[in-house]
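Student: The primary structure of each chain is shown beneath.
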Amino acid sequence: MRRSRFAFLVATALVAATASCSASDPGEPICSQPADSIMVLEAQSVPSATCLPCIAELPIGWRFGGSLVRDDGTVIWLDHDRAGMHAVEVELMDSCDVSSAVEVPPAPDEVGLRTYQEPQSLEPFVGTRSLVFDGGCIVSRYRFAPDSEPALVIEADSAVSTLPRADVVAEVRETLDLIVCGAGAPPCEG
Amino acid sequence: MAAYLLATVIGVVLFEPLQKSFERWDAAILRWFASWRTEPLTAVMETIALLTSRWLIRIIRWGTLATLIVVRRWRHLVVFIGALIAEGAITYALTLGIHRPRPLDVVTIGPWQGFSMPSRPLSGLAVSLIGVTYCLIPHGRVRDAAKWTTAGLLAAVCLARVYLAIDHPTDAVFGAVLGVAIGLTLFRWFTPNDVFPVTYKRGKAAHLDVGGRRGEAIAVAVRDQLGYRVLDVEPVGLAGSGGSTPLRLKVREEGSGTERVLFAKLYARSHVRADRWYKLGRTILYGKLEDESPFQTVRRFVEYEDYALRLMEDLDLPVPRPYGVVEITPEREYMIAMEFFDGAAEIGEADVDDGVIDQGLELVRTMWDEGLAHRDVKPANLMVLDGQLKLIDVFFVQVRPSPWRQAVDLANMMMVLGLRSDAPRVYDHAVRLFTPDEIAEAFSATRGVASPTQLRSMMKEDGRDLLVEFQELAPQRPPIKIQRWSVRRVLLTLGVTLAALIALLLIASNWAVFA
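Chains A and B supply the protein sequences, listed in that same order. Per my numbering, residue 61 is the first one in the first sequence, and the count goes up by one each step. Per my numbering, residue 60 is the first one in the second sequence, and the count goes up by one each step.
These are computed hints drawn from the structure, not numbers from a lab. One should not assume that every hint holds.
Claimed, not checked - Over the 12 Å line for every Cβ pair with chain B, so calculated as not near, a few chain A residues:
(1) A116
(2) P119
(3) G125
(4) Y176
(5) P206
(6) P210
Unchecked claim - Here are the computed distance ranges between Cβ atoms for each label pair:
(7) I144/B to M145/A: 21 to 29 Å
(8) D157/A to G141/B: 29 to 37 Å
(9) S545/B to M145/A: 41 to 49 Å
(10) A95/A to T388/B: 56 to 64 Å
(11) A571/B to M145/A: 15 to 23 Å
(12) T388/B to M145/A: 21 to 29 Å
Every value quoted in this text rests on a predicted model; they were computed, and no experiment measured them. Ideal placement from N, C-alpha and C gives every residue a C-beta, glycine not left out.
Chain B on its own, in the form it takes in the complex (with noise of 0.2 Å):
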């Protein structure tokens, strides 16, 4: 790509020198299609150039912008947005740049606007094709074929515009191949398939797909790394997580040849960057909380799991075991391997008896006693396996939390054993590990952000209002306050918004892209 830039460049600096022989080469070429030129076949080719028509463009990339916002492509609109400004920044520049006339010898049939190369209209719409390819046809057969129709719907308006002369050939042909080449390269590096694949399933962008050469690369690691043979690789718990891919390993023992699964969690860049992201809004909605300072690698973040899953195995904590850290790709990507609690039940769908819930309330206790914090206590990150409640997704344990944070843990874990029981069989088991002034401090300190996601939603379903229940029963207590103001929130959300700012003023000023 920056080859074929820079061959721009040199075409761009030697078009003056060179125009005669440009000139008279099109000019022939022309002349010669010229020479063609009958009523019938001059009606055939002004409907194929309609395909360049402001309108026609200006449906495909509206079209295409509506289809990515119903479906939540993000990534891929602002990509597809950006493509757009900058093909037309570019293709604006060069025309000055470069500033032809329109073809000479011959007459010209059709419309057209200020210079004649590159092509812009051509640009326009290979751009928007590219777009539509990238942006919403899934990797493989059907988005072959779109390139291939692409290909031949550009070739097909080139041939139309040459014949009625409305550019000169090389216009056509350089216009065409800008357009293909920014799109191709803004969606290639910004939207890599293996990372950011176009699917229609419902799923989440955390998780990636395993099959290809990533689900080789995975089965290669784990032989080498670990010593095990990977006999099947499948997606697991995807409804509960949108922080990496979760997956179930079925593996066999190098040596022994014992099977076992395993559980395993992929994490990729995006992910570090989605944790950037998440960590940057809560900071702006909420202030510093707790610790928001962002993980900078994916080794770091694979790094900080198996440890904090090492630290609470040592403190006899009911987590898997873990197996250690798979490298994938250096820097790219990494896999934490753990014990998978293979048959059991998710706490959300499994009987909640009065020993399940002592063992919540002990695990909670244990992890105060010991200055930690799970920070994300909900339905899928507690599994009941034979009666024994077990702890997963040790991602955002936290050493020495605040009280706050602490306080909150205790509340979660009440409200997601009152999901499968009632308030106040679990608040009378609290109080024989808490006093009531702690409960109450936990049900004062939590409301809103403080639980997760999930939890909130299941609490929405069960039509119980679970936090008030709790928060009847312990001792009244003001509730405490989770904004945090400081300077850097301050400058932080100043930053976004002049952010913001900056992008609709960068779209309203290249309006004429989209309208």
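So here's chain A without its partners, still in its complex pose (with noise of 0.2 Å):
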């Protein structure tokens, strides 16, 4: 009886070891690895949505929180070493309100992209920057710490880019020959 109970201990440490034996975080969704998983699962999160959000390159500071991916939406979200823990918040969703923001000029990654902004303070920075295009949204919200520098949002933007969703559909296609269903793909079975 010892002994089993030692060797369920033992596979237990194995599975656990095994399962967390990962080079990278799996829920952290990376725009150069639009193979990886967590691309596919965003994909399937918001079927309709034509870009997902992803992490371009994090500065210096930021690091990835951690993604939340549900059958109704995609949220990532941002740590900083100054502006705290979820300083900012990314969801993706198939729509959203911006009746209340502004349009401003998209930035050289959002050609295509509608852009609205509406900064709520400055200091301690608050403020909400949305991207709307075809079948989706992607919303960021920034909430940084008392004391931390709002030019922080200016890294914290460059953090965060978009994949077309046809790359990640292209991607499972050519490695699976399966559909990602949704926008840009076949037709799918049911």
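Dock chain to chain to rebuild the complex, using the hints, since each chain is given by itself in its own frame.
Tutor: This is the structure we're talking about:
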């Protein structure tokens, strides 16, 4: 009995070790890796969305906080050593309300998307930036800790980018010969 | 179980290289299911899939936890909480390790969250249903039916989630099997049915079931080791016993064919653990009042009681004649057999005349003179047979005890005798064997924990404040403090508090499992 308990503990530790043995956080959507399962999962969370939020490059001081992907959308958050935990929260949804926001020219990596901003406070910086596109929108919410520089928002913007859904669909088609159902993909069964 | 987990490890390691095959195989099954979709069938499947809704799983879990608290089945409660936390942690780690997206090639109908393999809702439902089966349903046909019901429900939910393409077929099966395996393993290891049976009869956790295979083992062991054929085994005096399973054995001697009745006490490892916790609790609550060193094995338990019986018999104290120790399962279960006082009545139900009072007091006097303390003088341990007082249950006997412990024995004996007569009468008899100062010391040393629970509750029922009556009869003496402080007590208290805090933090950090 003691032996089998020991074997159970060893096997459990092995399962946990094997499962957690990964080079990077499997929940971190990286723009340069469209075939990653988290990107596929994101695409599945809002099948109508033609663009998906992802992490381009994290400037010094920023780190990926986590992600929550559900059948009604995806939320990604970033932490910063001065701006605090959950300093930026990026949400992918099928629609969003931008009636109280101001439309601004899109950044170079946002060409073709309509961009809206709604600053609420400068110190500490609190505001919203929305990207609207066919089939969905991406809302970035900034909520910095007191005494953190508002200029950090520029770094945060450069950290988060978008990836065309079509890239994810094509990667899966190529590697698995299967369809990620939704926008930019052939019709699925059911 | 270890083989199953090893297979899981291999599966996790091989999943990535074999992902293409897994995905294609699952997609083919999912397409086939999706080709059968109709509106009415989808509605049925959506209803079945509601079994994995968070709310339903919460209701099952909270219902089970609440029931376990109401029926005070603490061990099952702890194991159930442990199973839920283990299942939550293992499946979470696995979903991140495998990081498999939701089904491809088919349209998903219904809610989901996160990576798909293993299916966390199915795993959560499985471990919860196993918890209900092993914590609330007694062993036997009803539990067997519950197991089949659980299997049926899990199969139906797997089918529904695959039909709706919420999970891949492999996710659903893996999740259900994992939840069942975690639950089964923990419940079978930590709450084995023969030691911790689920029962709704009134009784104490210390009392073991003596039917079935254990009953057969007792009969074989008594025949082989004592030379008696067991004719009948019957639990006896359960109300007054909390640390063993007391039994009345009707036996026939192998050679002569003489029939007789024996009294036996069955001990298992659970009793050793209970003794350890009991002594730890006393040390924390009162300090080291007396010898609080715990026993390490069941064998030592029975060896000690057998020694105490033989020692007291040698001193002509009215204890049962020992018949020896019986090994039921080596290092796990032992039984000590002794004379059964057939026809004897517990002192709480017997006539207590002057003769019985004198015998009780003489018994304590002899123990004092011989350097012994019984340490568990209570009505359940004093029997009257044909006007003769008998002392049973010598498990707590201590050799060369502290004067405090001996004084407490005297006070407890006087209170037991007083319950069936009155304080002045017992006091008058006591002063013939003890000095008033010794009696005063006994009552200044005795209060609260110093008296056994049964004696305290009988005194409460009686209504008279016997302790005060005796204290008024004896010379005045300030109470003797029973709190003993030491570095060990402080460290133990801190250690237990810290362990409790860690357990609470563990539950709080896994609160999502429950809420």
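Student: Hint by hint, note whether the structure agrees.
Tutor: Hint by hint, here is what the structure shows:
no.: 1; hint: A116; in the structure: holds, 21 Å
no.: 2; hint: P119; in the structure: holds, 26 Å
no.: 3; hint: G125; in the structure: holds, 15 Å
no.: 4; hint: Y176; in the structure: holds, 28 Å
no.: 5; hint: P206; in the structure: holds, 28 Å
no.: 6; hint: P210; in the structure: holds, 34 Å
no.: 7; hint: I144/B to M145/A: 21 to 29 Å; in the structure: holds, 25 Å
no.: 8; hint: D157/A to G141/B: 29 to 37 Å; in the structure: violated, 46 Å
no.: 9; hint: S545/B to M145/A: 41 to 49 Å; in the structure: holds, 45 Å
no.: 10; hint: A95/A to T388/B: 56 to 64 Å; in the structure: holds, 58 Å
no.: 11; hint: A571/B to M145/A: 15 to 23 Å; in the structure: holds, 18 Å
no.: 12; hint: T388/B to M145/A: 21 to 29 Å; in the structure: violated, 55 Å
Comparing the model with each earlier hint shows violations of hints 8, 12; every other hint is respected.
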